[in-house]
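J.: Protein sequence lines correspond, in order, to chains G and Z.
Residues in the first sequence are numbered consecutively from 1, following the UniProt record's numbering.
Residues in the second sequence are numbered consecutively from 1, following the UniProt record's numbering.
These aren't lab readings, by the way, just hints derived from the structure by calculation.
Quick caveat: nothing in here was measured; it's all calculated off a predicted structure.
Where a beta carbon is used, it is the ideal one built from N, C-alpha and C, also for glycine.
Since no wrong hints were added, every one of them can be taken at face value.
Derived PhoX-like pairs: lysine-lysine, alpha-carbon spacing no greater than 25 Å straight-line:
#1 Z:Lys21 x Z:Lys35
#2 Z:Lys47 x Z:Lys58
#3 Z:Lys42 x G:Lys42
#4 Z:Lys35 x Z:Lys58
#5 Z:Lys47 x Z:Lys35
#6 G:Lys42 x Z:Lys35
#7 G:Lys42 x Z:Lys47
#8 Z:Lys43 x Z:Lys58
#9 G:Lys21 x Z:Lys35
#10 G:Lys42 x Z:Lys43
#11 Z:Lys42 x Z:Lys58
#12 G:Lys50 x Z:Lys35
#13 Z:Lys42 x G:Lys50
#14 Z:Lys21 x G:Lys21
#15 Z:Lys43 x G:Lys50
#16 Z:Lys58 x G:Lys50
#17 G:Lys21 x Z:Lys13
#18 Z:Lys58 x G:Lys42
Only some residues are given here: those of chain G computed to face chain Z with a beta carbon under 10 Å:
#19 Glu18
#20 Phe26
#21 Leu31
#22 Asp41
#23 Pro43
#24 Ser44
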Amino acid sequence: MTTEENIDPQLQNFIEIETQKQRFQFLVHNLTERCWDVCIDKPSSRLETKVETCLANCVERFLDCTNFIVNRLEKTQQNAGVPEMSFQ
Amino acid sequence: MESLSGQLTSAQKDELMEQVKTQIAVANAQELLTKMTEKCFKKCISKPGTSLDSSEQKCVAMCMDRYMDTWNLVSRAYSNRIQRERQRM
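Okay, chain G solo, but in the shape it has when bound (with noise of 0.2 Å):
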C-alpha cells in the first residue's frame, strides 16, 4: 500500500488542483442544465436582462439552499447527540 512519503509531492499537488476545478465545472455544467430550464423560454437573439437577473439568482439561491441544508444537518445532529440519521 502506498504511505503519504511515497506520494510524489508534485503529481499530489497537480491532482488536488486538477480535481478542484473539475468539481468547480460539474457543478457549472450541472448549475446550467437546471437554471437554462427556469429561466430560458425561447431562445432569442440575446440574453435579455430579465433573463440575466433570472440566472444570477438561480445560482446564488441553489448555493444558499445547499448550505441552508448543510448547516441544518449539522444543527440536528448536534442537538440530537446522536445522529438521527445513519448514512450508512
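Use these hints to put chain Z onto chain G, whose structure you have.
T.: Just chain Z now, with coordinates in the frame of chain G:
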C-alpha cells in the same frame, strides 16, 4: 506506486500531466455537447420532420449561442460567490 512515481523522469511527469489535462478538457467538451444537444433539441424540434429544416437550424444555432452565454454567466456567478464566501471566512 512508489517505484512507478520514483521512476518517472520530469519529462515523463510533464507528459502525464498534459495527457490528464487533455482528457479532462475532452470530457468537459463532451458534457457540454451532450447537455447542449439535449436542451436545444427540446427547444427547437417539437415535431421531427424528414429533415432538419432551415427554421429549426436557425433555432438550434441561436439556442447554442444562448446556452454558451448561460454557461458563462453561471460560471461567473458561481466563481463570484466562491470569492465572496472566502472573504467572509
